[in-house]
Every structure is written in C-alpha cells, then in structure tokens.
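For the record, the sequence lines run as chains A, B, C and D.
In case it helps, our numbering puts the first sequence at residues 4 to 1002.
In case it helps, our numbering puts the second sequence at residues 22 to 191.
In case it helps, our numbering puts the third sequence at residues 2 to 418.
In case it helps, our numbering puts the fourth sequence at residues 2 to 105.
Since the hints were derived computationally from the structure, they do not count as laboratory data.
Take these hints with a grain of salt, some might be off.
Said to hold, decoys possible - Only pairs whose alpha carbons sit at most 25 Å apart, straight line, appear in this in silico BS3-like list of lysine-lysine:
(1) C:Lys270 <-> A:Lys405
(2) A:Lys28 <-> C:Lys270
(3) A:Lys905 <-> A:Lys985
(4) C:Lys152 <-> A:Lys578
Unchecked claim - Quick look at which bits of chain A chain D covers, simulated, 3 or more residues with Cβ under 8 Å:
(5) 45-52
(6) 955-969
As the list claims (entries may be wrong) - Here are some chain A residues the structure puts well away from chain C; computed CB gaps all over 12 Å:
(7) Pro10
(8) Ala163
(9) Thr165
(10) Tyr253
(11) Met280
(12) Asp499
(13) Gly517
(14) Tyr551
(15) Thr972
(16) Asn997
None of the values given here were measured: they were computed from a predicted structure.
Where a beta carbon is used, it is the ideal one built from N, C-alpha and C, also for glycine.
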Amino acid sequence: MTSYRLPNRGRVDHRKSVRFTFDGKSYQGLAGDTLASALLANGVHLMGRSFKYHRPRGVVSAGSDEPNALMGTRRGPGRFEPNTRATIQELRAGLEATSQNRWPSLAFDMGAINDNMGSLFSAGFYYKTFMWPRSFWDRVYEPIIRNAAGLGVSPTESDADTYASRFHHTDVLVVGAGPAGLAAALAAGRAGASVMLVDENAEPGGTLLSEPSVVIDGKPAWDWLAQALAELAGLPNVTVMTRTTAIGYYHQNLVGLAQRLTDHLDTAPSDAPRERMWKVRAREVVLAQGALEKPLVFDGNDRPGVMLAGAAQTYLNRFGVKVGDRPAIVTAHDSAWHAAFDLADAGAKPVAIVDVRPAVDTALTDRARALGIEVLLGRTVTGTSGRLRVKSLRVNRMEGGKPGAPRDIGCDAVLMCGGWTPCLHLFSHTQSKLAWDEALQVYLPGKKTEAVQIAGAGRGLWGIASTLEDGATAGATAARDAGHDATAQTHTVTADRTGSGVTCKELPTDKDPGKAKAFIDFQNDVTAKDIRLAVREGMRSIEHVKRYTTNGMATDQGKMSNVNGLMIASDALGKAPPQVGLTTFRPPYSPTTFGTFAGYHKDATFEVTRRTPIDGWAEANGAAFEPVALWRRAWYFPKPGEDMHAAVSRECRAARASVGIFDASTLGKIEVTGRDAVTFMERMYTNPWAKLGVGRCRYGLLLGEDGFIRDDGVIGRLSADRFHVTTTTGGAARVLNMMEDYLQTEWPDLKVWLTSTTEQWATIALQGPNARKLLEPFVEGIDISAEAFPHMAVAECTVAGFPARLFRISFTGELGFEVNVPARHGLALWEKLMAAGQQYDICPYGTETMHVLRAEKGYIIVGQDTDGTLTPDDAGLTWAIGKAKRDFVGKRSLARPDMVAKGRKQLVGLLTDDPKVVLQEGAQIVADPSQPKPMTMLGHVTSSYWSDALGRSIAMAVVVDGRDRDGQTLHVPMPDRTITAKVVKSTVFYDPENTRISA
Amino acid sequence: MNAMTSTLAAGVTITELAPTTRIALRLADPATVPGLSLPTEVGARSADGSRTALCLGPDEWLIEAPEADRAAVLATLAGISAPHSAVEVSDREITYALEGPAVLDLLATGCPRDLARMPVGSGARTVFDTAQVVLTRETDDRFHLTVWRSFASHVRALLDLAQRELAAGL
Amino acid sequence: MTHFSFAQVVKGALTGQKNWTPQWPDREPKAAYDVVIVGAGGHGLGAAYYLAKEHGITNVAVIDKGWLGGGNTGRNTTIIRSNYLYDESARLYDHALDLWENLSQDLNYNVMFSKRGVLMLAHNVHDVQSFQRHVHSNRLNGVDNQWLSAKEAKLFCPPLDINPNARYPVMGAALQRRAGTARHDAVAWGYARGAAARGVDIIQNCPVTAIRRGPDGRVTGVETAKGFIAAKKVAVSAAGHTSVVMETAGVRLPLESYPLQALVSEPIKPIFPCVVMSNSVHAYISQSDKGELVIGSGTDQYVSYSQRGGLPLIEHTLAAICEIFPIFRRMRMLRKWGGIVDVTPDRSAILGKTPVPGLYVNCGWGTGGFKATPGAAHVLAHTVAKDEPHPINAPFTLERFTTGRLIDEAAAAAVAH
Amino acid sequence: MLLIYCPYCEQDLPELEFAYAGEAHIARPADPAALSDEEWRDFLFIRSNPKGVHFERWRHLNGCARFFNAARETVGDKFLATYKAGEPRPDADALLASPTGDAK
Ligand SMILES: Cc1cc2nc3c(=O)[nH]c(=O)nc-3n(C[C@H](O)[C@H](O)[C@H](O)COP(=O)(O)OP(=O)(O)OC[C@H]3O[C@@H](n4cnc5c(N)ncnc54)[C@H](O)[C@@H]3O)c2cc1C
Ligand SMILES: NC(=O)c1ccc[n+]([C@@H]2O[C@H](COP(=O)([O-])OP(=O)(O)OC[C@H]3O[C@@H](n4cnc5c(N)ncnc54)[C@H](O)[C@@H]3O)[C@@H](O)[C@H]2O)c1
Ligand SMILES: Cc1cc2nc3c(=O)[nH]c(=O)nc-3n(C[C@H](O)[C@H](O)[C@H](O)COP(=O)(O)O)c2cc1C
Ligand SMILES: [Zn+2]
C-alpha cells in the first residue's frame, strides 16, 4: 500500500514506528500519531459506518468533533471500549482497533440495505408505523428496532483500570492552549497569579500546530511555541496539563476536567490511574476553546475521502500526512485556500478550489493559479461519486441563482469548509446568553453569569495576531480580577493568515432535493431534507427539530451539525437564525468515561463501611453480617453446618437460658448537657423528663413535627444537667441534626449542647438470667444487685478496669446490662466477658436474634414496625406521651382530624392458627380472602419470627382499628395458600408480667 | 511531547498517632474560662504548653492534651462556672499524621477545601471523601487528620490509594 | 391530520415526503375558551386530548411558556411502572399503565411503550421486607409484581453483578413485567396531534403570567405574554413551575422545586434488556431504543429553577452504576441535563379541585410523574369536565395536608434501623 | 457545586461542607395548640418556593456546624447574601440591585 506520509514533515517522530492493528490487519504508524493520522498515512480513509443507513464513512475531522471515525479500542483483558474517536486516540504499541456497526465487514456491510430504503426511514418514520397488528410491537417491531440500535458494542468484562480525582484551586483557569490560551496563561502567569492551563490535545499549541508558517515575535510559530511552553514550565505558579478536557462548567467557576493519563502510553506504570477528574475552583476562567470548522452540506458530502479542510491541514502539518494526492477543495471560507496551498507545497496536486462565493481576495486566486490549481468561483456542488472512497466531485456553475450544467472533477479527496463556529459550549453551560452576530453570521458570547473571559477564535476573532492580543488581554484581566498586578504583553506576528467567509445552508442543487443525501449530522444520518420535513410536519422549535430528526444528538453533540441544522431550519421556517436559536449545550464537552466520574468510589472504597471495635472478632468467629445504614453488623454466628434459622434458634435459647452477649456499639449516642438540658429534652421527646431521677433511664420517643414516629431509644440521666441519649443505628445522624436545628434556630436561648458520642463508646449488651453473675465480678465502684441497681438504672463505674457507663436495660425481656466503655477497650472487654462467660455457656448473638427476642416481648423497631406513617397511638405507645406536657415536637399534629379519626392502622399481635406457620414479613392482611381483586387490605405483617421460647410463630402487624379486633380471625392470602391468624391486642408474647427483666 | 508541569512530587508518609485526650468543649463566652486561652476565630488554635484548643465553631473548641494530663484537663474544665458542656471524646476518633512535600496533593484527592490557604497552626472541620474530619496544619507539609473511628479504615484506604497514585508519578 | 400508517410512510418515500402536514398547527390564542390548560407537558396535553375525546369539550387551549413537551416530559428517564404500595397510588398508576398499553393505537402515534420489565433491587434486609410488602400488596390489588432471587434477577438482567461480597449485594429484586419505558417526546407529540385534530389550540412560547379571578372569586382567565385570555375553567399542570403560577391566583401550595439530573451514555448495541432501579445505591438505568444507556441521577439539595444541577451528584450516580454494573466503567457519558421537579411533603401528587372555583391543579409528581401521564391526564380531564374528581384521583387532594391523610410512599419505604 | 460564604467562618467554602435546611424565617409557633388546622398546615407544609430570591437555611454541617440563613436567586443559583441565624431578613430588591450582586 502506498504511503501518504511525508518525510521530515509534522511533529511525529519519524524514527519511531509503532505497530497497531485495525480490523485485525497490522499497520505501522509513528510515535505522535493519532489512530486516524496513522490510518490515513496508510491510505485508509474508510473508518466507520453510519448509525442508521450504515453508509461507508471516512474520517472528517482531526479532533474531538469527529462523528465518523469511531472504533472499538482494546488493550488486553478488561480494557476494551467502544466508540473511541480515532482522531483523539493516540497511537500506542499494540493498540487493537476494530470498526463498528457493520456486518460482516467494514467494506461489505449487510446493514447498508437501509441506505437503499433510506427514503422509508425519513425523520420520525417510526412514530408513524409499527403499530399494527398491535401484538407485533412487543414481539416483532421493537426487538428489530432495538437490534438496529447503537454503534459499538459494550464492554463485557470488569474494567481492569483505576481512576482518580482531585480538587484544585487556582486564580486563573485557562481552557484551550491555542495562541489565545497560551497568551492568556503567559499574561496571568507572569503577573504571579496561580494559573492552570489545560488542553484536550496531546500537546499544547492549538492552531499553531497546524500553522507552522506563521512567524511570532520574529520566530517561526513552532519555535515561539516551544519558547512559550518553556517559560510557562519555568513558572512555579503555572500548571500546564494536556490530554485534559474541560468537560463542564458548573456553578461559581467550578470546572470539571477529565485528564487522560495512560491511554496513550505503550505500557502504563503500575498504580497509575487511567484517568483523573479534576474539580477546579477558579477565581477567574478564561475560555480560549477556539472555533470549530463546519462542513458544507451537499449531496454525497459524506463519502470516505470527504473531510474538513482544516483537518487536512492538521494532518499535513502536524502529522506529516497527505490525505490525498489530488484533492478537490470546496469552500465558503478563505481558510480552506490555505489548506490547499499547504498541500500543494507538500507535493500534492490539488485539482481545483471550488468556492461558493462569486469573488474572493485576489491574493488567494493569484496564489492558487500560480500553484497550478484550477479556481472555480460562484459554484455549487451537487454530488460526489465513489463507493468506499470519493472519486469525483460534481460541480455546477450558478446561473441566475440556479445551478447550471454540471461538471465532474476527478479527485481522491474532497476538502470542505463551511466556515467556522466559535466554540462556546462551556460558556453556555453557565446559562450565559449567546448573541447572534449579523455581520459574521455566528453566535458570539453575550451576557455572562460567571467571572469568565472569552478569548480568541471563540470570540469570533480570526488571525493569529488578533488572537494573541486578545488572549493576553483576557489573561491580564483575569489576573487583575484575581488580585494581581498584571499587564497584557504584546506580540508581533508576520505571515499571518487572516480571512473571512460566508455561512451557508445546504448548497443549491439541480437534482430532486427529495432524493439528495446532503448530510448535516453524519453519525445520525440526518440530512437537509430531514430538517425540512420536520419543519413541514409542524416542528417549529429548533428543539423539536433536534428531537424529531436527532440532529446534534450524536456523540459529537452537534459540534459539526448544530449551525448547519440551524441555517437550514431557519430557511425552512422563514425566520432569521437568532429567531430560531440554538439547542442547549450540555456537559460533557467530549464524551467522558464513567470511571472518571466514579473516581475512587469502587469496590471496597465505593462507600464507607462503618465497623465497630468488635467487628474483627465477629469476623474471626464466623459471623454473617448485614448492612444497616452505613454500618455492617453481625447478623448471626453460624456454627459449622448451621443455617441462619438453626443459629438464631440456638442463640435465642442461650440468651433465655443463661446469658448472651451482643455488640450494640452502633446505637447512636448523643450527650445532651447544659443547664437547660431537661427543658430541651421535654421539648424534643414525647415523654416527661423533669422527674426522671439521676441514675435512672427512660424509653424516649421522638416524633417529627408531622406527628409521626421518627426515632426512639433509652435515655439515661447521668446528672441534673446531663443525659446520655441513645438513638437507632440508622437514625443517629438525623436525630442529632434535628436536635441541633431546634436548638440553634428555635431555642437559641437554651443553654444546652449536644455532642455525638456514638463512637466514643463501645457498647456490649449482656442479656440473660446469668448476666449479673457474669458481670458482677468485673464491676467496681457500684453495687449491681437487683435492689441497688434495678431495671432502668444507669451509673458510671469501672468494668474490668475500664471506665464505664453501665445501664441496666433490656431489649430482650431478660435481666440485662449494657456496658459502655471507651471504644479502644471494647474488644478487650468483649474478650474478657467471653472468657469468663464460658462457665455460663455464654453465646454471642447477632441482630437477627436481637430482633426475635425483642419481638417476643413486643418491643417495636422503628423503621420496621413503624414506617413513617405511624403515630404513637398507632404503635400503642400512648403511654410514652407526657400527658401534662403543653407541647413537644409533633404534638400539634397529633390533633389533626385524620390523626384521631377511626380507621387508622394500629400495631397488634398476630398469631397464626397453625403455630408452625411463620408469616412472611410484608404479607398483607384481609378480612375476607375470597373477595375479588382489588382486595380491601387491612394491614400488613411488620415482624414475624419463629419463637423458640414459645414453641410457635409470632408476629406483629399493623391492622386497621387493630385494637378493636382483639380475638378476630383474619387472613393472610399468599400466592399458594391463605393463612388464618388471630389478632391479639397485646404484642407482648413472652413474660407479660416482666418477672424476668426485674430479676 | 508531554507538557505536564505540576507541583506533584512523590512522597507522603501516613502514620496513625497514639491516642490523646480530647474534649469537646462548648460554651457561649470563652472569656469566662480561667486557665485556658480559647481562640475566638473559627479555625484558630491556641496552645498552653502541651494542651491545645482548636476553635471549631463560634461556641465549640476541641481541647487536646497528652493522655497523662487527662485528669488535670477535666478538672480545669469542671471548674468553669459559666454554663458549658465538656464531653470527653478521646476514643471517638483516630488521628493520622500526613507528612511530605506532596501532602497537599494527597489531601486534594478527597478534601474540597483550599488547604494551601490554611495557615500553619490552624485547623478546621471539613470533609475527606464522605467522612467528616478535623484537619490541622502542623507545619507546611504536615497535617493531622482526625476522623471518627468507624470511618477511619475507609479514609485510610483512600489515603493509601492516593499515596500509591502519587508515587506512580502521573 | 394525516392518518399515520405504513402505506403513508411508503407514499412519503415515493413522493419525496411531500405528503405530510403539520402534526399540530401553531395557533394564536382566541379571546376566550371554555378551558385553558397551563403547561403543554404530557399531562396538560393529555388532559386536553381526553377533554376533547371523552367529554366533547373542544374549545380548549393548552398554553406553554416554551415549546411543547420541553419540560420534564422531554427530560425524564421514562421509567413506567405501577407497583406502588398504597391502594390510592396503585389504582392511579395502574390506570395509567392500562392506558399506556393501547396509547399508540389510540393516538395513531407510536409512543413506543416497551414492556421490558422494571427490576427493583433489594440490597439489605430492610429492602427485602419493604419490597415483599409491595409484592404482596400489589398482588392483592391486582397489580403485576413478583419477587426474584438474586440469581433470577441476574438471568433477567445479565449485566447485573450479584457478587455476594459487594458493598451492596443484590439480595433479590421485585420485578414488574408489565412495566417499562416509552419514547418521551412522542408522548407529548402524540397527545398534541390528537388534541389539535379535535379542535384544541396549542399555544407555544406564551408564558402565563397570572391567573385572573372575578369578584365572586371564580377564575375568569389567564394573563399571558400574548394578552388576557378568558376562560371558564383553568387547569394548571406546570410541573416545577406550578407554585409560581398558582400563587398568582392566591393559592399557596405545599411544593418545593428541585433540579433533577439525568444522563445518557454513548450509544451501544443492545446489552441491557430491562429497566433496573436501585433505591439504596441510587442507580436507575435502562437502554434506549437508540442504544444509549439512560441513567437517572438525584436532585440537588436546594430549591432551584435552573435546569442544571451539580457535578458531585453525577459522580455519585455513575459510581453507583459502575458498582452494580462493573462492565460499564469504560463506557462514556455523552450528555447530562436537568429538569425542575415539584415535590410535595408526602411525595404524592396533588390532582383535583382547588379552593378557587373553576381552578384545578395537577402537580407534585416530583421525580416520578411520567409514568402517570395518561392516567393523570385522563382523570384530570374528568375532574375539569365534571367539576368533581374521578374516584381515582379523589384521594389526591390538597386538603390531605390539613387533615393529615397523607399518601406517603416514601415514608412507607422507611429507612433502615 | 456551590461556593458558600459561611457567616461564622467568614470564608467562601465548598457546598460539600454544607447541608441545605429549607426555607428560612418560618418560626415555630410559640403555642402550636392555639393554631387552627389550616394555620398548622401552613407552618408545616406551605413554602414560598419562589422563582427569584429565596430566603433559606443552610447548615455548615462539616465545618462550624452552625445553621445560618441565605438569600439566593433560584434561577441562576447565585447567593446574594448569607447572614447569621436570628438576624433580620434583608430586603430582596436591595440585594438584587446591589452592583456586585454577590454581597457577602
Ligand atoms: C431527570 C428527570 C428524570 C425523571 N425520570 C422519571 C422516570 O423515570 N419516570 C417517571 O415516571 N417520571 C420521571 N420524571 C418525572 C416526570 O418527568 C414528570 O413528573 C412528568 O414528566 C411531568 O409531566 P408534566 O406534563 O406534568 O410536566 P412538564 O412536562 O414539565 O410540563 C409542564 C409544562 O408547563 C410549562 N409551564 C411552566 N410554567 C408555565 C407558565 N407560567 N406558563 C405557561 N407554561 C408554563 C412548562 O414549560 C412545561 O412545558 C423525571 C423527571 C426528571 C426531571
Ligand atoms: N485553518 C485555519 O486557518 C485556522 C483554523 C482555526 C483557527 N485559526 C486561527 O487560529 C486562531 C485560534 O486561536 P485560539 O487560541 O482561539 O484557538 P485554537 O483553536 O488554536 O485553540 C483552542 C484549543 O482549545 C482546546 N480546547 C477546546 N475545547 C476544550 C476543552 N473543553 N477542554 C480542553 N481543551 C479544549 C482545543 O483542543 C485547542 O487546542 C484564530 O484566531 C484563527 O486565526 C486558523
Ligand atoms: C430518554 C432520553 C434519551 C436521550 N438520548 C439522547 C441522545 O441520544 N443524545 C443526546 O444528545 N441527548 C439525548 N437526550 C437528552 C436531550 O438531548 C436533552 O438533553 C434533554 O431532552 C433535556 O433538554 P436540554 O438539554 O435541551 O435542556 C435524551 C433524553 C432523554 C430524556
Ligand atoms: Zn461555618
């Protein structure tokens, strides 16, 4: 195969060749190539197939706006990704690339049959059909539509790479390292501002990389560039990052940057992340994103070999690749003329420059003629030929506003330029306004909402001189606004290429416009006639046009198609472009890997897993764990061969028979201290607190202001002005926040403070008839006999030599203690108690056993037996409300009409007629199981267990007017059978006299 | 051509510090406390010998002292006559010392604050990843990070990841 | 209106697509209407359609401040399901689901309702209890929903990671097979076309600036950018902006508006067969008929009318997606956007009469009202036509916030202990 | 991610340190029992939800832990002012008119 590489040209390393494969075939490129430039150097233009019509497509651009040259890329297991833009992907040794959306091969694709039926698949066709017969939609049509969808194929393995993220703060962030961005960074950097300069490309320079002939400050462009970069590198306050895309511009100058770290490397260092997300907060932002070149819209503008003129210039000057030997140029802007000249200088033979304008600068025409290039002004283009590569161009003279006779011009590439669009994507993310410039026929930045400057081609400037000056001014202004004394430097530029152009809709044609395939959105196969059809069908908003045709919705997000779509839509609508408007730009500027957003949040560090001080012991002793809020808690401790049921039964028996030990450290703890602590507690909780003696505990119930139960827990009074409040595990943070809210904003006069002590204490519960016997020898400083330390007592003392807060409380119905010791001693205490407990056959139990034991006693679990719709009365907790209290949080809501009405669901016990049957939690309860659906449901089972102690199943349920139904038989219809059960008013199934607890 | 000029440099050491005495002190008016100089600006820290008081909020200080001084500190605080709250939280949290030239980069992997602007000798409550932490700047390139015990292993795992990433040099 | 059919599509192909006419005419407002509907989202347009079709009321205008369907109808992740817990919700959403099933034929517009199934993942014991409660309640309410083990869930959705050691292991899932997705824009367009064909005026780019009331308190019409438009009845269905519009009629609502974000990936060949929701991990994902992964994110924490949203939420959402579907980590995000959702204190809609005679409201759908579109529109039309609620929307009153009879699906899925 | 000026810390700090806490200046009635059901509903649920200047509460949760108030414009999400709890509500029109628009 002939090589299109030009020796000694470009910035690639001609001595370092790199092997890669495309569709299994091996090729050679050079270090510094992109996948696209390397393929072009090998004469390969056909790089992809379009989305809908499967048309053969070649590369169009040299940047992130590429719609066609999308490929699957792979480097070993776990490292495949679809839709990689060949124009951005740098070559690396061994890179494997595969073409997409074709079968069986890129050159011969069965899907291309769609192309012949293209006129059936016009915009919006699927809304109009596939509706009959009705049943065919699910079984036939939709599966076909879905199968046709998509470009590349999904990865199928877990990603082998890691991702990183970083916050950063800077005075000035400059996006884009073209001449404007470089000048801005120099101005701000020299002033001493901290500067971050980023560019999406592999190297900084922007347009300068494609324009080596310009002379800046007396130096050839590339020498000037090297010098500018060296100066920036020498400034400690300046950071330059390449391969870094500013993806989104968020509130108050927060800019997200996606930095690609390893995809270009032959081998990545171990531990190096593949990509990093930077979250940069800048005082000032300078956007120097440049301008995007527009294609021209004409029949056959999508054949492989037809590409943007600026891209061809980039391939030539930056990569040393000639995109063709006999290119034809079609343009509406001066810039493409220079591309032609550069190609001619490099030895190509441009066959013609076709300009839609009737007249252009004579300097251009003179030069063209001098180079032997035919000049055709005031022409239109009406077609191309060639199946997998363009062969000729059909050009017509315009006569009286109409295309005249056609002429075919043979060529091996077509370089088109429809003018340039200032790149204002990031600016638009800030909800800043764009303003239509009538003279330039482009959108320019309008009213801004952030501390931002736009510089260079992004502001419609053309020519390196004006761009440099503009950049320097923007950089200096930004530095000054960030508090630095800055002045804009000046630059002198010679051999500058200034120019201008016109903005077009689709080019006039002499063919049936209904048949022409003049593409606007290449990837999504949107043509000019699709836009016109959408308008004909009443899509009068550009947003409707976009959604009806999918114009601009492809992976380039309209970088190439938005403005052409707008021009055609505005023509069809008979409105001026600014009356039609652009669709909204949204992040990310270029498609960005999910992993980059996820950053470190993966696997073990996906989210915090909170562990108690005793967690390690539980793990070593075979515990099964369950996640509860952010914690992991020991669920049960299976012995070899035991399932959950067997383990839980054994644990329950042990606690009831002798003594069980339980890690309760996750319970929330809040220390409420200060002169007005009692007043505060009175206002927060439903219960009365004033008369609670020091050294005593009480069950506390907390409501939301809407009257529904939010949390509960045992609260101990340590002294007149100090309470040890416990909360549910999941509720701890919420309750503390709620308390702080009331304290700080409603009652700032109260002298009370709240301190979270959840993690200060490890909490170990000992429950069972032998609990005191086990604990007593360890306790110093107090007498824990039944008389001296009764149920609901609390005291500070020493346990096993550790300072402790000892509670006599029970969530099991057994004699019980909860020992709080400073967290660092939790494990030691646990181990001592375990050792000493051997004589009582001590048994560690987990949350499941805790749940069974408490259910036997009818104690509720907030969040399981209550669900955010239950009042204290619904839950049978009226006793917990201080009758004499004038007010507490939620009290007023309890008096609302529907809170006191009949028909509320109340918590009751439920005993199945067959004691062996354990109801399913969540099962629904009805009075009449034979009624038709929808059935009238009375409530549901909230807690249900096999009770070893009772030798039968037990359950709690919320049931409409449940307490009035004491003794009633109700039904629980399951898919396979209906279970009957009796309501018992009391939920206390075990030891209702509380003899065990007060032992 | 790879223009990646940045202040990144490898090398941060992460050390878990031995327990100290920590008290969460709350009171309305710091002037009412004899024997303790309490700074009034949020983030400021004062030192009395081996005891330090870091102002975390307008009415909140974190008092730190060596283990051996625990009783003495508690006694001092018990002597405050104005309404106040002193709660020991020595065991609530774990402190890591992070030290090295790249310490700011290390912290920037999880902390959204501009820590370059944090003066040596001051501190703040902030976040690292999703965990609330207290950071103090001990020297230019040494920070102490204090985090609730159950969050510590998560924070530590992230710090270790970041440390390896810094060492990889990209 | 051109009747849509395969024959017409063929005709279009043969005639250079000359046979098509506007799907709805662009109208200037008349001086007066029997009914003005504020908000041309799916709900408002649908209500106009059903007013015309089922109640014979055709002197109707639907007025939108922007382009029709440009609100949340045009920016949602299109999850459609009806497996709600409470009877009131189940009736409403199942009514909608019944209408979804025949909507394309009814409208002669293919809205691509796709019954691909919605899988809701349980990640802890509490989720399991909660979803079982839903499954049982749904079954007795005649609403399709079933419980799957983790293995069964994986069979249904192969990309799912069911590694039991994951931070959020999949402990099972609730599957509604009848549930799925639809082509959101087509819903707005189909209703607009159907309503317009029956005489309804659709007026775009015309913000309603105030609701006017007569001396007797009754509505008299709306003030708009195009002048006053008289109306005997006014229905406000303006989603995130409802409270702003209603305030002008002196009606204050229990609503707060938040930005909610969503995103799509680059398009890929079909790999994801259903919809997956994980409330515990905050991940909502399906694959569109065009091939993108459509992913729902969360609401920002603060009240806002900017259709933007912050970066941290997207980071969290994509971390969650990658955690459950590690194969997608190398996929790329193509675009993210925001919508403004109006949220009530009990997370259920307000749909019915207001204290102002002749004024009706449909709002408070929060993050989940797309699925209700046909159902809500249908009963709203009934309410407006008859000046009394349909039995299905009767519980969704404004009064419930006074009396305490909330319909709180979120509270019912209470947080773990 | 917003940047929020904490009136207690006297610094601009990242949103990740803060928790939003709903509309400001809705004082809990001194005697709820004296309120009608409608008045109580208004306190519980009715919010102004303006498209414009919103007075709202934030808590510097991962910082000084204080609740404070803010005036924020809800279309552009720009803070116009933040002020300590208990301080009077500033005048919205004056804030909007202020030249910088981001007075602390
Ligand atoms: C990101 C995102 C994801 C979602 N995902 C889902 C999902 O998966 N499933 C689901 O069921 N729901 C989802 N929802 C919610 C769903 O989109 C909405 O509940 C639903 O679409 C609301 O429809 P609507 O017709 O009421 O409102 P909209 O479509 O918002 O219509 C309201 C219309 O009122 C107009 N309007 C407002 N003010 C005025 C005025 N003053 N004058 C005139 N016109 C006015 C607006 O311009 C708008 O067009 C999601 C929402 C968002 C934002
Ligand atoms: N072929 C031509 O003749 C031609 C074409 C274009 C520009 N120009 C000239 O060059 C000047 C342009 O200079 P300039 O500095 O304004 O633009 P530029 O195009 O030289 O530089 C813009 C840089 O910004 C980068 N960029 C864009 N978006 C980015 C993002 N989101 N994140 C990171 N990087 C991003 C691009 O990769 C590019 O390197 C014009 O004034 C014009 O005279 C000439
Ligand atoms: C289900 C769904 C799928 C979408 N698919 C795409 C897509 O493939 N490409 C695209 O650019 N946008 C897609 N969008 C996003 C829209 O382009 C747009 O962002 C969204 O409708 C919000 O409008 P706005 O961004 O113009 O404000 C999709 C939106 C939805 C709701
Ligand atoms: Zn603060």
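Tested hints:
no.	hint	result
1	C:Lys270 <-> A:Lys405	violated, 44 Å
2	A:Lys28 <-> C:Lys270	holds, 24 Å
3	A:Lys905 <-> A:Lys985	holds, 21 Å
4	C:Lys152 <-> A:Lys578	violated, 58 Å
5	45-52	violated (count 0)
6	955-969	violated (count 0)
7	Pro10	holds, 36 Å
8	Ala163	violated, 9 Å
9	Thr165	violated, 10 Å
10	Tyr253	violated, 5 Å
11	Met280	violated, 7 Å
12	Asp499	holds, 37 Å
13	Gly517	violated, 2 Å
14	Tyr551	violated, 8 Å
15	Thr972	holds, 18 Å
16	Asn997	holds, 24 Å
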